[in-house]
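Please work from the sequences and hints to get the whole structure.
Listed in order, the protein sequences are those of chains A and B. Once you know that position 3 of the first sequence is 3 in this note's numbering, the rest is easy, because the numbers rise by one and skip nothing. Plus 227 on top of the position in the second sequence (first one is 1) and you've got this note's numbering.
Hints were generated in silico from the structure; no laboratory data involved. Quick reminder that beta carbons are idealized off the backbone N, C-alpha and C, glycines included. Just to be clear, a hint being listed does not mean it is correct.
As the list claims (entries may be wrong) - Label pairs and their computed distance ranges (CB to CB):
| no. | chain 1 | residue 1 | chain 2 | residue 2 | range |
| --- | --- | --- | --- | --- | --- |
| 1 | B | P497 | A | R129 | 48 to 54 Å |
| 2 | A | E22 | B | P497 | 53 to 59 Å |
| 3 | A | G143 | B | V567 | 36 to 42 Å |
Unchecked claim - Covered stretches of chain A, as calculated for chain B (at least 3 residues, CB under 8 Å):
| no. | segment |
| --- | --- |
| 4 | 48 to 60 |
| 5 | 68 to 78 |
| 6 | 87 to 97 |
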Amino acid sequence: MTPLIQLTAVTKRYDAATALRELTFEVGAGEAVAVMGASGSGKSTLLNLVAGLDRPTSGTVAVDGVQVHALSEAGAARFRRQRIGMIFQFFNLLDDLTVLDNILLPSRLGGTPAGRAEIRAAELMAALRIDRHATTYPARLSGGERQRVAIARALMNRPAILLADEPTGALDTATGEDVLDLLLDLNRTGQTLILVTHDPALAARCAQRVVTLVDGAVAAPAGGVAR
Amino acid sequence: MTAILAGVSRRRLTAVVVALVVLASGTASVLGLGLLAASDAPFDHAFAQQSGAHAVAAFDPSKVPATGLAMRGASGPFPQATVRPTIDGFRLSPMTVVGRADPLGPVDKVSVDEGRWVRGPGEIVLNREFAGPRLAGATLTVDGRPLRVVGVAYSVSRTADAWVSPQDLPHPQSLQMLYRFAQAATEDQVRAGMIAVTRGLPTGALIGSRSYLSVRLSANGAIAPIVPFLVAFAVLGVVMSVLIVVNVVSGSVVAGYFRIGMLKSLGFTPGQVVAAHVVQVLLPAALGVTLGALLGNLLSVPLLEDAAQVYGTGALTVAPWIDVVVPAGLLTLVALAALVPALRAGRLSAIEAITTGRAPRAEHGRAAQRLLGGLRLPRAVTLGLARPFARPARAATMLAAVLFGATTITFALGLGSSLYLIEDALLHDRSAPLEVAMMRGPDAVPYDGSLLKTIKDQPGTAHVVGIDRRDVTIPGLSGSLPMTVFDGDVSWTGRQLISGRWFRTPDEVVVPTGLLNSMALSVGDSTALEQDGARRTVHIVGEIFETDDAGLQVFALDPAATATRYEVALTPGTDLETYRNTLQTALQGRPIDVSLNDENGRRLFSILLGMISTLTVLLAVVAGLGVFNAVVLDTRERVHDLGVLKAIGMEPRQTIAMVIAGVAGLGLLAGLVALPAGLALHRWILPVMAAAAGTGLPPGDLDVYTWDRLTILAASGLTIAILGALIPATWAARTHPAPALRTE
Ligand SMILES: Nc1ncnc2c1ncn2[C@@H]1O[C@H](COP(=O)(O)OP(=O)(O)OP(=O)(O)O)[C@@H](O)[C@H]1O
Ligand SMILES: [Mg+2]
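Spelled out as structure tokens, the structure:
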């Protein structure tokens, strides 16, 4: 079976630094992979390449049959909207939109009929226990609540892949656990997940496989593919 | 690292925008003021420059020898004759030719515009007023002798229609003398001067003399009604430039508050912070204003060249004081515009400055988002539309810039259209393009009615009216005034009434505003009129729009009048030149002149139009730059939100749509407000300016805002806003989201 995500010999160079070197990396459908590594080792860069937010200097990125590295800007945006959900350390919600509007954003950008989108958003908010905050603004929410809004937004268009860049980094331990449980639940229902984290315990707990990056290359393929 | 880099490039872009805005404003100001200064008493300036002749006199060579005329401080005597040259078999109108070896001299230093002065026999230099495009390089035949046109020159004193070498006029009809007097402000002083210089000459030696004051009157009369409009627009241009410069500069400084806060937290004193910001704006402004002044001088060359021709002056240049005042003024303005917000920033604490500089008014934005979210519009558009509410101060700045620009466009279009109608009324060359005049002088023939028949019989003739000019006096008004008498309907000639109606009987007259004002009369009154000693009473039934002779004229109807010239209108589709040539051929051999209405007035109009459109474009550009600046600041500030939106799948064109939607609402609003503002300005300024020129305006000349024009104008604000936002919008669509997402 071809993997859902396939990076082949990917190098990403910036003016000053080389973020990734000849990286080859794959993720199967339904897998949960943790990416670890020191600060600056290229973890965020890896996620950005998968999401089509950035383009490799050389090598190829294929996601769900799409040659991501070859997409146009507009094509990459549509690709993200349809297949990728992203979650960040600092939530990255829009302050001047309500929780509901933040969650609806990806579907509105894609032109999903409003009625259907609202039903989906209501389901997600209920599942993530943020439904009573629908008309609240993000600034009023706690960190954990904000991250749940961000997760709801990421899931809005039923993406094939969820990319989480240190989703618990800005949360206290208990709240972080909470968010992590959520992601694990999602993975259990078949959601492919790449999780970037610094915390080996978190990585071990939620991922079937842990990949460690050192200076932009895979250091120790650990765990192997379970199942 | 990236934050600092972003900061630096943001400042650099702001500097570029400030430089561009100041450049465009500087150009507009130099242009406006340059033309303004040139329009201030252009005749007097040119007259002084050429040491114009206070009196032009003609002497009889049989009564006084040339040697008896020469005197210190005067030019001449020059041989002079009136000739009728032909060109390619066509007879031209009579021409005063003066034999003059040297264009300079103590009096009437003739300026050679094109080609060169005559060097010997067989050459002729035409006065600019006489030289048409058909005559350049041509050969004229005078009394069977060929004369090649070698140059075009101009004499403010209008001492000749053409100049030749003195050898070409061995038997002059008269001798021309050009005098300057110590005292020449009034007709009496000029007359006294003439008496002094002719003392001791044999009686009858002086054939006649002309004072420069009459030339001055007609020169000033031609431009007087136009200058006030020019002034109005130039002033408007300068004011708008100033407003937008203030707007952009202060906006840029406010946008730098965040950095001000950072500098303070690094230990800068308030004084250093203020100085740093003022200097940061002043440096690009100095560059902009230098280039702007340069560009203004360059752009004004063709405009002033045309103006010089119409004003009848030598070459005009931008007055040197303008090149000093405009840069100095603009820089002072920029410094002040930067100083006020910078001082405020200097007083803010570091934290206050950081938060003021950074935090948009989220709560305003939210209310707008809620309202707009209900609209069934694409999300990207509603996101953009709500944006101005999050940054009300910046939105207001942008609104003001677009408002100024759109108001200028609205006013300029109205002014241009009104001027077109005004010129039509004053020149009536479009409605009655052809003039058929009987020659005066020795070979004049008595009027016999066959001329009218010839004109009427010619295919293509739509209307003809015969015109005679008589001198009348009105008791109570000193001197005589010209009365233009028509032998029939004149409503088709393009002349316009300000109020009342046209005459229907010989007892009724229409008069210009000037006469009504100076006699304290109004339409409906009666007045006495004396002609050839006979007095009669006439009723003033209308106020005609006419500015020649300061409006001291009378227009009347007399079906039995003996016409000395005819104005002719052609049926649509008739070619003017062909018609003219056919008529000329039909009239061959008779002392009758078929001429096109003078083009000089049209040129004046085209200068004005050139200046109005140049200034309008400049001001629209400046307004667009105002938008550009605001959008750049805004998208830089929102780089984080833009990154988030991209990460969740906003396409580049959606980003562009969002940014443009953010200014479109303001643009539309500004355009809609600018419409009544421009209309009101037009309604207010034009009559005021006309009154300053001593005339009323035909009401129809103000009704220029038709519905189709209004529709286009309503979109002008939107257009400025969109064009201003387009470039930063594409930049926003291209910015890389990844770095933005890492910061909080
Ligand atoms: N836009 C960029 N321009 C220049 N260099 C960059 C850019 N983005 C990343 N880098 C560099 O690439 C390398 C990898 O960065 P990346 O953000 O992927 O690291 P990371 O593993 O996510 O680190 P952290 O754990 O601190 O988030 C670093 O050296 C970084 O400085
Ligand atoms: Mg990272």
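A quick look at each hint next to the structure:
no., hint, in the structure
1, B:P497 x A:R129: 48 to 54 Å, "50 Å, holds"
2, A:E22 x B:P497: 53 to 59 Å, "54 Å, holds"
3, A:G143 x B:V567: 36 to 42 Å, "41 Å, holds"
4, 48 to 60, "holds (count 4)"
5, 68 to 78, "holds (count 4)"
6, 87 to 97, "holds (count 8)"
In summary, the structure agrees with every hint in the numbered list given earlier.
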